[in-house]
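4 protein chains.
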Amino acid sequence: MIRAGIVGGTGYTGVELLRLLALHPEVQLEIITSRGEAGTRVCDLFPNLRGHIDLVFTEPDAARLAACDLVFFATPNGIAMSMARELLDKGVRIVDLAADFRLRDPQVWQQWYGIEHACPELLEEAVYGLPEVNRATIAAARLVANPGCYPTAVQLGFLPLLEAGGVNSETLVADCKSGVSGAGRKASVGALLAEASENFKAYGVAGHRHLPEIRQGLEQATATRIGLTFVPHLTPMVRGIHATLYARVEDSDLDLQALFEARYRDEPFVDVLPAGSHPETRSVKGANQCRLAVHRAPGEPVVVVLSVIDNLVKGAAGQAIQNMNIMFGLDERAGLNTIGLLP
Amino acid sequence: MIRAGIVGGTGYTGVELLRLLALHPEVQLEIITSRGEAGTRVCDLFPNLRGHIDLVFTEPDAARLAACDLVFFATPNGIAMSMARELLDKGVRIVDLAADFRLRDPQVWQQWYGIEHACPELLEEAVYGLPEVNRATIAAARLVANPGCYPTAVQLGFLPLLEAGGVNSETLVADCKSGVSGAGRKASVGALLAEASENFKAYGVAGHRHLPEIRQGLEQATATRIGLTFVPHLTPMVRGIHATLYARVEDSDLDLQALFEARYRDEPFVDVLPAGSHPETRSVKGANQCRLAVHRAPGEPVVVVLSVIDNLVKGAAGQAIQNMNIMFGLDERAGLNTIGLLP
Amino acid sequence: MIRAGIVGGTGYTGVELLRLLALHPEVQLEIITSRGEAGTRVCDLFPNLRGHIDLVFTEPDAARLAACDLVFFATPNGIAMSMARELLDKGVRIVDLAADFRLRDPQVWQQWYGIEHACPELLEEAVYGLPEVNRATIAAARLVANPGCYPTAVQLGFLPLLEAGGVNSETLVADCKSGVSGAGRKASVGALLAEASENFKAYGVAGHRHLPEIRQGLEQATATRIGLTFVPHLTPMVRGIHATLYARVEDSDLDLQALFEARYRDEPFVDVLPAGSHPETRSVKGANQCRLAVHRAPGEPVVVVLSVIDNLVKGAAGQAIQNMNIMFGLDERAGLNTIGLLP
Amino acid sequence: MIRAGIVGGTGYTGVELLRLLALHPEVQLEIITSRGEAGTRVCDLFPNLRGHIDLVFTEPDAARLAACDLVFFATPNGIAMSMARELLDKGVRIVDLAADFRLRDPQVWQQWYGIEHACPELLEEAVYGLPEVNRATIAAARLVANPGCYPTAVQLGFLPLLEAGGVNSETLVADCKSGVSGAGRKASVGALLAEASENFKAYGVAGHRHLPEIRQGLEQATATRIGLTFVPHLTPMVRGIHATLYARVEDSDLDLQALFEARYRDEPFVDVLPAGSHPETRSVKGANQCRLAVHRAPGEPVVVVLSVIDNLVKGAAGQAIQNMNIMFGLDERAGLNTIGLLP
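Same order as they appear, the protein sequences are chains A, B, C and D.
Letter 158 of the first sequence, counting from 1, is numbered 158 in our numbering, and no numbers are missing.
Numbers in our numbering are just positions in the second sequence, counted from 1, shifted up by 343.
Numbers in our numbering are just positions in the third sequence, counted from 1, shifted up by 686.
Numbers in our numbering are just positions in the fourth sequence, counted from 1, shifted up by 1029.
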């Protein structure tokens, strides 16, 4: 059994880790920390966990965390980088669900996140935890940077095209829509039901932190410069991301459907739908799945890729557990064999 | 392994049975029928099941169904009663998720459902599948009538009070709210998102079919006449039932909290919340749970019980599987160890 | 033209007052105050008002408010009572949309609202602004206490029964459901879309501030003791209240439909639906209407009244304007001739 | 007073016409037809109209319609073209809210709508009713083709760019999101709340009927070939369209904000937001408004235009009334002075 800890377990990625880990056959959850809720029973905050999780939130304590084999950071950006060195030195492996280790260049990190990076020397060691690209290095990693939700959906959608060539990599467009759980479990007027329901809007058009992450990922995978316009939107639902991806075709002989099917044939958590399909976010609600469909725009030399994930699962907690499974040599599917809740 | 079949698998109780049975460790799903979708792959209709269910819908066929150990009827009312005799004679056990065998009196059935009962002789044999009341008889049953969604939430809430006495059984009120999946997966104007969203309304105040079912259940459990006013409402969400139950207290010494905790101490799927709680429907979304809280109305000799279930799980497919587990001597929890999807 | 001011215009009742007053033919909106948003253009906070409202939020200033004929308080509880005396002395009339002047007994106020009343001497003068009961006194009032949202829906539903007699006034039940805009426009975790959507729950069963308000109103109207159990619930939508009201019938000859139709025949904003109807909250969305239907419970000596309003209109801002119209001798319908937004 | 009739008034564009015309100061609504609901009182079908509309649905009857000054067709595609000739000959003017007269080429119409056009000779006379482009010809028209909902949002967003030049007109992308009322008020499984809520999906990627309409409109306005990729999506809300528009900039000196403000300075129903804004669909809910914002994508030579309308108002019924006002020389704002319902 893997002894696991969670730092910062009161947000949505935290409770989703708890939901999945509670039923994971190879994990013993040892500790879950929260400064704000220390002393509260986890299931008093999240009643869905009654009967499944008996832990109490405790203050983060490096000594107790050091007794874990692996610690998940489900904290705001900037926390993991302040604790990572100490835990790694004590032999604890880390999966960070925040952004602290996603960008390889500490300057770029500082530019987008507004604070100096606390341990730039770890950035080189950290592995970007997108298993469909980095499975081998994840298996050997001590420190995994779990990808962002938009970056997961966008990269999985663009990768087959960019790896194969045949599309213009400098004029990509990613029009993305997210449910509001992506904004986290914190009080804010804009995310109130009375504000966000019966409403649709874009946000962050002037620049969103996931843009450099997506660009870095696609540039590493393809070794070419990527030109990408990325516009995120808020859609009135709880869970789900839908990425609509546009690329201009330069090789009109490309068999898009075959390309996507071949790329993901052996992937347990990426599902290429039959030609002509429109994936629905609800088909992956609660499941660690990315569902993809690829289309040609009518009358235009344009590929349209539709990519859906549950932002809290394949876009966060599920992918973190997938990474853990790989790091510890478990069946990659362990604890992740859930089915989307439909309806 | 239990060989199971589903008759009528294209509705919401059908797809929910599929979701749960696909991961049940002791069940082999052999057959799923649908007249309308015969020939369609199940996962083409319900893409959440891709990778989990490989079956194709087939025409209902008694010979093939007879090879099952158990058949679930997830059909409209009136179908199960036309096929039950033949299957039982061939040694197949039945759990009917529709209403055909819920009411013991065929006259009452005809009055509320508008058609003559096709096999009144089976009504006496049929066991009402509320495990918290009839566990022993369910274990020995060939034919189980799975309770309705409202009746499950209402009976579990009222039973401790009525069994203990101390409340007036003739002036009960059950004000119930259901998500729209309770109306089923069939095209209707009233259940369109554009009609049912951002809206709240009562329906069926003049008389709802679940009224005689609830009354029968409570009268059997308490051997007294029950006077009940039952008003169902449609609430703009997909899953969930919230029953708010009112009873007038006649014995003011009643320790309500202790009463409820004692009644359900050993029940795996009924969870009594701490005093002062307000259960949320989302805490049971996708889970086979009933969560209850009991209050005293301020300044009035009135008990208020709050009871929540997922109408498709503890109110339908989950309870059907719970009944199957009991009928076949399995661990009652088998295949039902899921956690509510929150948020 | 009536010169009107609004104190505290950044909440939902504030923006709703603005929406309605902007098109009111007899009102000139002079001033709108907000400590937190002083200096912000109103239409920067509420873009729906662009092109309709040119005002800028200003600090509350008694001198400037004194130039108004009428001031609406759309503030949290406890503000209006600290400013009312000064404004009244300067000849300004007041409609308070908060609770400061709703309860006649300052002890009861303090018990439920937790602060000592700042001007108990005004409580006697204040008129409870339910026009269907107090139209004449509202016309002569300087200070009107606008009713709460639940109290409006509940009182309008019970009044015909209690005024006529024939029901038991000591065993009333009001099971009420509100959209989340009732919780106001303030950051809170519980009202996030990700928390409140796809969820239904009761709250405040142990005691809600609207209980004494409803009881006081019904007791005044009927001069008998009222026994009332009141349970509010949160329903996943923005606007709307649905009250389901239960009363035990003592006079079985009562013609309920005729009773309700007669009671509200001349009321411009109360609409009794035909027998057998189920009013929908969306039918009054954005409109200053209460729609009612009255039923007899099947097989029980119980009346069920269904009452719907938009909590922000007939339950707050619309009723406040209706009161203003009455106070200034205008057509009671002025500025309120809107139609529910359906779908 | 204009005597107006509505053919086909039971859908969402019909009820929205009724809501707006009921309060229009210059219109007398004479007749509303429906084959399916003939004999039903309008306000029994749409209770929000109680007290505002006293009409009864009648069978469509050319003689009675001929007594109108103007007839709105709120019918499915293919009805208006079968009745238009007769009504025009009798001097009745027509605004068709369906697609019958939107495409100028009957071959293209037949290709996309699957039926032969019944009166191709009227296509040349018909005026495309986008007032911001064709105000002068609308004023003189007998027959106006009211634009589709997506085409309204998309054209208003692209027009300033294309008219000014400076962007590449052959690589446009329109990623559009619509609430489900766009699918109409007809029973269908896919539009059920239980299917469409908590879900996001694209549809019609292989080709949507609004594509040729948008392309025709933009090509007429700019006299250049348009290359456009158009992907519509269904978003879980009732009303609203959000179009996210992408164009590649060829003239980097373009002052986008000034361009948009100048283009729409005198337009009563197009509102250009301040630089940096993100328009919300709810800001136009129930209002005849298009709100626009224009951005430059970070680091890319790409313009991003955000355009929102209420699909039932500026995207249908409101624009139809705007066209009527122009055709009859009324104030273009008459009857359309409503404010978006927020929250």
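FYI, nobody ran anything at the bench for these hints, they're computed from the structure.
Check each hint, because a few of them may be wrong.
To be verified - Computed, partial: chain A to chain C, Cβ under 10 Å:
hint, residue
1, 179
2, 180
3, 182
4, 183
5, 187
6, 191
7, 193
8, 328
Stated by the list, open to error - So these bits of chain B aren't anywhere near chain A, every CB distance computed over 12 Å:
hint, residue
9, 389
10, 399
11, 448
12, 457
13, 465
14, 523
15, 540
16, 630
17, 643
All values derive from a computational prediction rather than experimental measurement.
Backbone N, C-alpha and C fix where the C-beta goes; we use that ideal spot for every residue, glycine too.
Hints versus structure:
1. Interface hint status for residue 179/A: upheld, as the beta-carbon distance to the closest one in chain C is roughly 8 Å, under 10 Å.
2. With its C-beta approaching chain C no nearer than about 5 Å, residue 180/A sits inside the 10 Å limit, and its interface hint holds.
3. Hint status for residue 182/A: holds, given a least beta-carbon distance of 9 Å to chain C, under 10 Å.
4. Because the closest C-beta pair between residue 183/A and chain C is about 8 Å apart, less than 10 Å, the hint holds.
5. Of the supplied interface hints, the one on residue 187/A holds, with its beta-carbon coming within about 4 Å of a beta-carbon of chain C, less than 10 Å.
6. At its closest, the beta carbon of residue 191/A sits 5 Å from a beta carbon of chain C; the interface hint therefore holds under the 10 Å criterion.
7. Taking 10 Å as the C-beta contact cut-off toward chain C, the hint placing residue 193/A at the interface holds, the least distance being around 4 Å.
8. The beta carbon of residue 328/A is not positioned within 10 Å of any beta carbon in chain C (closest approach about 31 Å), and the interface hint is therefore violated.
9. Taking the minimum C-beta to C-beta distance to chain A, about 6 Å, the non-interface status of residue 389/B is violated against the 12 Å cut.
10. No beta-carbon of chain A comes within 12 Å of the beta-carbon of residue 399/B; the shortest separation is about 15 Å.
11. With a minimum CB-CB distance of about 34 Å to chain A, residue 448/B clears the 12 Å threshold, and the non-interface call stands.
12. Every Cβ of chain A is farther than 12 Å from the Cβ of residue 457/B; the closest lies at roughly 28 Å, confirming the non-interface assignment.
13. The Cβ of residue 465/B sits about 32 Å from the closest Cβ of chain A, beyond the 12 Å cut-off, so the non-interface label holds.
14. A cut-off of 12 Å between C-beta atoms contradicts the statement that residue 523/B is not in contact with chain A; the least separation is 9 Å.
15. At the 12 Å boundary, the C-beta of residue 540/B falls inside the reach of chain A, the nearest C-beta of that chain being 8 Å off.
16. With a cut of 12 Å on Cβ distances, residue 630/B falls inside the contact zone with chain A, its closest approach being about 7 Å.
17. Look at residue 643/B: its CB is around 27 Å from the nearest CB on chain A, clear of 12 Å, so calling it non-interface holds up.
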